[in-house]
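Protein chains: 2
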Amino acid sequence: MAKSPTPPVSADLPSWLKPLRRYLPILDWGLNYRSENLVGDLMAGTIVAIVLIPQGMAYAMLAGLPPQVGLYASMVPMVLYTIFGTSRALSVGPVAIDSLLVAVGLAPFAALGSPDYIALALLLALMVGLIEISMGLLRLGFVVNFLSHAVIVGFTNAAVLVIGASQFKHLLGVSIPQSEGFADTVHNLIKAAPGTNGVTLGLGLASIAGLLFFSNVLPKLLKQRGVPTGWITPLSRSGPLVVVGGSIVLVAALGLHDRFGVAVVGDIPRGLPSLSAPPFSIAQAQALLPTAFVISFVAFMESISVAKSLASKRRQRIDPNQELLGLGAANLGAAFTGGYPITGGVSRSVVNFTAGANTGLSALVTASLIALVVAFFTPLLYSLPLATLAAVIFVAVSKLLDFQSIQRLWRVARMDAVTAVITFWAVLLIDIQTGILVGLAASIAFYLWRTSRPHMAEVGRVGNTEHFRNIKRHEVQTDESVLAIRIDESLYFANTKYLEDYLMQAVANHPKAHALLLIGAAINHIDGSALDTLDTLIDGLKEAGVTVYFSEIKGPVMDQLQRAGFIDRIGGPDRVFLSTHQAMQTLGGHPA
Amino acid sequence: MAKSPTPPVSADLPSWLKPLRRYLPILDWGLNYRSENLVGDLMAGTIVAIVLIPQGMAYAMLAGLPPQVGLYASMVPMVLYTIFGTSRALSVGPVAIDSLLVAVGLAPFAALGSPDYIALALLLALMVGLIEISMGLLRLGFVVNFLSHAVIVGFTNAAVLVIGASQFKHLLGVSIPQSEGFADTVHNLIKAAPGTNGVTLGLGLASIAGLLFFSNVLPKLLKQRGVPTGWITPLSRSGPLVVVGGSIVLVAALGLHDRFGVAVVGDIPRGLPSLSAPPFSIAQAQALLPTAFVISFVAFMESISVAKSLASKRRQRIDPNQELLGLGAANLGAAFTGGYPITGGVSRSVVNFTAGANTGLSALVTASLIALVVAFFTPLLYSLPLATLAAVIFVAVSKLLDFQSIQRLWRVARMDAVTAVITFWAVLLIDIQTGILVGLAASIAFYLWRTSRPHMAEVGRVGNTEHFRNIKRHEVQTDESVLAIRIDESLYFANTKYLEDYLMQAVANHPKAHALLLIGAAINHIDGSALDTLDTLIDGLKEAGVTVYFSEIKGPVMDQLQRAGFIDRIGGPDRVFLSTHQAMQTLGGHPA
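These protein sequence lines are chains A and B, in that order. Sequential numbering from 250 applies to the first sequence in the numbering used here. Sequential numbering from 250 applies to the second sequence in the numbering used here.
Be aware that one or more of the hints could be misleading.
As the list claims (entries may be wrong) - Subject to a maximum C-alpha distance of 27 angstroms in a straight line, what follows is the list of computed DSSO-like cross-link-like pairs (lysine-lysine):
| hint | chain 1 | residue 1 | chain 2 | residue 2 |
| --- | --- | --- | --- | --- |
| 1 | B | 469 | B | 648 |
| 2 | A | 791 | A | 761 |
| 3 | B | 761 | B | 791 |
| 4 | A | 562 | B | 469 |
| 5 | A | 557 | B | 557 |
| 6 | B | 469 | A | 761 |
| 7 | A | 562 | B | 761 |
| 8 | B | 562 | A | 557 |
| 9 | B | 557 | A | 791 |
| 10 | A | 761 | B | 557 |
| 11 | B | 791 | A | 791 |
Just so you know, the hints here were simulated from the structure itself, not pulled from any lab data.
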């Protein structure tokens with residue numbers, strides 16, 4: 250792994266604090282906060298709070314939890330991440346896909362929304378926190394790299410559809426039995442559709458329209474009217490506030506809940522959550538372990554990718570292992586303050602960044618505003634219709650839909666597109682965790698398949714240069730006494746038999762060749778199976794009157810061949826040439 | 250896959266037979282048998298029969314089956330393989346590791362040696378035959394390549410210990426309860442050791458000594474005495490005949506069975522097995538499926554490796570997919586004639602080859618001799634002590650022990666050695682099937698791990714040549730305005746983040762560089778994730794004032810980059826140079 254960058258140590262930091270900086274990134278900006286950052290941080294913090302209050306409640310609903318849990322999960326975790334995390338713009342809290350994973354993972358063990366269910370969500374946050382912290386301490390941040398872009402694209406698209414289907418009942422105002430997977434949900438929705446509550450559906454659709462107007466149409470309108478740029482962002486980002494506020498007023502004023510049965514959020518306990526230890530039982534922890542691992546993995550992946558992409562825009566760097574510690578601490582915070590598993594959300598972090606967040610202070614502002622709402626203003630949320638929360642979810646997750654990426658992959662790397670499609674259908678038709686595993690297995694299998702049938706090329710000299718290229722693609726000169734073959738892959742167990750067959754065939758096709766030159770510029774490693782095969786091959790070719798030479802063997806591979814005694818066995822270092830040019834000068838002399 | 254070689258069509262073959270040759274390799278030698286091959290074939294066939302009769306009975310005992318099953322499995326299957334298989338020296342029949350897999354796989358479903366157990370062994374042979382034939386028709390012979398040499402070495406060593414432990418009771422003449430794994434077997438043996446039957450143990454040890462004398466000492470003695478070479482092989486290979494015959498005579502003459510309780514083979518039905526359909530039930534087939542797959546896989550691997558190694562010594566070629574058809578047919582033969590799963594055995598095939606087998610006629614001689622024994626002479630085997638059969642197994646499998654290979658791997662490719670050790674312990678401590686899967690997973694994981702942290706090198710010009718090498722290993726000239734980095738790995742999802750970190754760090758360490766030249770000679774493929782990363786990286790470096798160029802991008806990768814629109818996006822084909830030499834001439838000019 251690359252070493253984590255050491256931030257420049259500022260002169261005014263007390264010396265006893267210096268060792269702490271590595272593990273407390275907040276000190277980087279906190280100890281010498283620059284006043285010019287203040288306006289941006291305050292503005293961004295406020296805007297994110299406006300987005301996060303309805304989103305937090307909506308995602309809690311998606312996770313099958315009471316709305317206040319989503320708010321609790323947005324306060325202490327955010328503060329802890331600000332202390333321990335390395336990103337200055339990441340907005341940590343409830344996110345859509347994690348919430349879905351919580352709902353899917355807990356459903357077999359407790360009734361949706363029951364006290365047992367809420368307790369299991371706390372336990373899950375505790376486990377996710379411990380897993381992330383362990384991975385951070387063991388410096389295992391790199392494992393997330395094994396989820397390929399293709400798997401993520403396939404998984405995300407399917408997850409959006411699963412989330413959409415699971416929330417559609419709130420838009421229709423119907424109740425459906427707990428569903429087994431996507432197809433079952435759709436089936437249940439179709440059966441329940443005749444019972445749609447028209448008023449609820451109208452409110453929901455109007456909420457969606459309102460949210461889309463604020464985010465997509467209003468900024469263009471304001472720009473056309475010549476409104477100053479500094480005003481456009483705050484105005485368009487206040488959409489959730491207007492839509493949520495408007496729908497609360499509408500429901501309360503017209504009595505839509507009592508008269509038309511529009512489902513609302515209802516009573517939310519007022520006051521900050523108390524500090525309490527999450528329940529713990531070995532049996533439950535064992536049962537939740539697979540879900541906890543999947544959430545840790547997926548959550549970290551989402552968070553690190555947005556954190557890196559935002560940091561690169563300001564030349565800041567993100568340390569993946571420190572990020573794991575930050576997110577782990579945040580999840581522990583959620584577990585001890587009545588929350589549920591959280592992570593850094595993509596869209597909210599982008600909002601934070603574009604609204605001007607310069608430092609973690611922005612997140613502290615957001616957390617404080619949410620605390621204010623939770624402490625005093627929850628009664629105002631009583632009449633908030635669930636259809637509006639569903640609208641918040643729809644609009645948020647629809648931005649994650651990305652089928653163009655699959656099309657693009659089809660042009661660029663066909664196997665990646667196939668992997669994405671396999672993952673997509675596996676998530677949709679089996680379940681989320683199996684889907685991710687299937688995708689992971691498919692991407693590894695395709696990679697192995699490709700490397701098991703390496704590209705090899707007979708090469709010749711380009712003009713009078715010292716450069717040798719594929720005879721099928723370039724105008725080159727060859728030599729009939731020396732067959733020069735470039736092997737375009739590391740040699741390992743899965744491709745040794747293929748290599749053997751290919752070279753035997755190539756030698757058979759060149760009866761005049763007395764030397765076989767293997768060009769190793771693209772061989773990055775040779776394993777034990779491949780060494781055995783090369784040994785056998787060289788012996789076999791010797792009997793057929795063909796001597797094997799090598800060129801452009803790279804340093805690490807040469808070291809390995811020498812350690813194995815291979816160089817001595819093939820006839821000493823004279824058999825290995827530094828460059829193909831040298832080899833052909835020494836061995837050749839019979840231009841074809 | 251390489252195309253299977255077409256054997257030279259001989260002129261005297263009737264034209265209607267030609268299409269059949271591909272699927273009936275027996276026609277290759279059968280239609281124009283050369284008389285000079287006859288002596289070698291007769292001699293080798295007879296010697297293999299002498300080895301195989303006791304081995305077949307011993308391996309049947311190892312598989313928990315009555316001794317005649319091992320003999321039945323040595324007749325029809327051998328004939329069928331001779332018709333359909335491509336190797337002329339392979340000796341097909343019961344082998345040690347397959348027999349162990351049968352015992353382990355059937356134990357949970359029926360009592361050892363019961364009629365149900367025998368029926369399940371037939372079903373297993375049927376399933377193995379069908380799996381192998383299906384794989385052959387689907388041309389899936391290549392999948393066996395994914396079992397690395399390291400996994401095979403680790404697995405084989407552990408299997409030898411498991412086999413040895415399972416047969417030790419026959420040497421001691423004790424009976425122990427059915428054991429759960431290796432440790433349990435050893436524990437049971439220690440508990441039972443005080444009840445050792447001294448006469449049985451003496452007979453067993455004497456048998457081992459006799460077998461070792463014939464195979465290891467006698468050939469040297471005969472050579473010293475000047476016995477002609479042609480006589481040495483038949484004399485030393487008759488060891489099993491002498492030892493088995495001697496022990497039968499000893500037990501019968503001295504009444505060791507009745508007087509001292511020496512366990513003997515007992516009644517063996519006389520006469521050839523009748524043709525009968527193996528029992529078939531879906532439920533049983535499902536239960537046996539994992540075992541059937543493991544046996545098919547392991548059996549094919551053992552067989553193909555010895556077949557290839559023997560064929561290469563005589564410039565003959567083996568077609569893996571046709572081999573699957575041959576072995577599959579042989580297993581079907583076993584299933585219909587009272588046998589159990591069989592394959593080509595390593596040591597017996599080597600005996601066959603060195604004793605002079607030139608064609609499949611040798612195998613037909615072996616099968617005929619065994620049929621003769623089964624038809625008329627089984628009563629002679631009544632007094633054969635089980636301890637002698639155990640001795641046959643010990644001596645046969647001890648040749649498979651190969652811990653030197655693990656030591657060698659440690660020097661050559663450390664991760665391979667670790668994989669072998671992991672496989673060894675997993676087979677010994679968990680079970681055989683899990684052990685193979687663990688080994689397979691470990692070898693793939695190590696491979697991915699290695700490719701996820703690719704070797705990269707800053708390069709410079711070697712002297713005045715056009716050749717560029719690692720600045721850390723060679724005396725080279727560099728240019729301070731151009732940072733030239735060779736990437737020694739294909740770029741794919743698991744290493745893109747590593748690449749990004751490495752290149753950002755490298756650019757930061759070379760503040761005067763205005764150009765970053767990425768040398769792609771060792772990049773064999775780029776996947777979708779890597780393209781995304783390169784896009785981001787190039788954008789990021791542009792902001793930092795560094796332009797990215799490429800050189801030595803290989804044909805297939807260039808095609809891919811063009812399809813993806815990547816070349817246009819980075820600024821057109823001028824950014825890609827054919828050789829590093831050209832690139833440095835164009836971009837450079839500031840020698841460092």
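These are the hints, each one checked on the structure:
1. 469/B - 648/B: 19 angstroms, holds
2. 791/A - 761/A: 14 angstroms, holds
3. 761/B - 791/B: 14 angstroms, holds
4. 562/A - 469/B: 78 angstroms, violated
5. 557/A - 557/B: Not OK: residue 557/A and residue 557/B at ~52 angstroms, beyond 27 angstroms, violated.
6. 469/B - 761/A: 44 angstroms, violated
7. 562/A - 761/B: Given pair residue 562/A, residue 761/B holds - Cα atoms ~22 angstroms apart, limit 27 angstroms.
8. 562/B - 557/A: Between residue 562/B and residue 557/A the Cα gap is close to 58 angstroms, so the pair fails against 27 angstroms, i.e. violated.
9. 557/B - 791/A: Status holds; Cα separation ~17 angstroms.
10. 761/A - 557/B: 26 angstroms, holds
11. 791/B - 791/A: Measuring from Cα to Cα gives roughly 53 angstroms; hence the hint is violated.
Consistency with the previously given hints fails for numbers 4, 5, 6, 8 and 11, ordered from lowest to highest.
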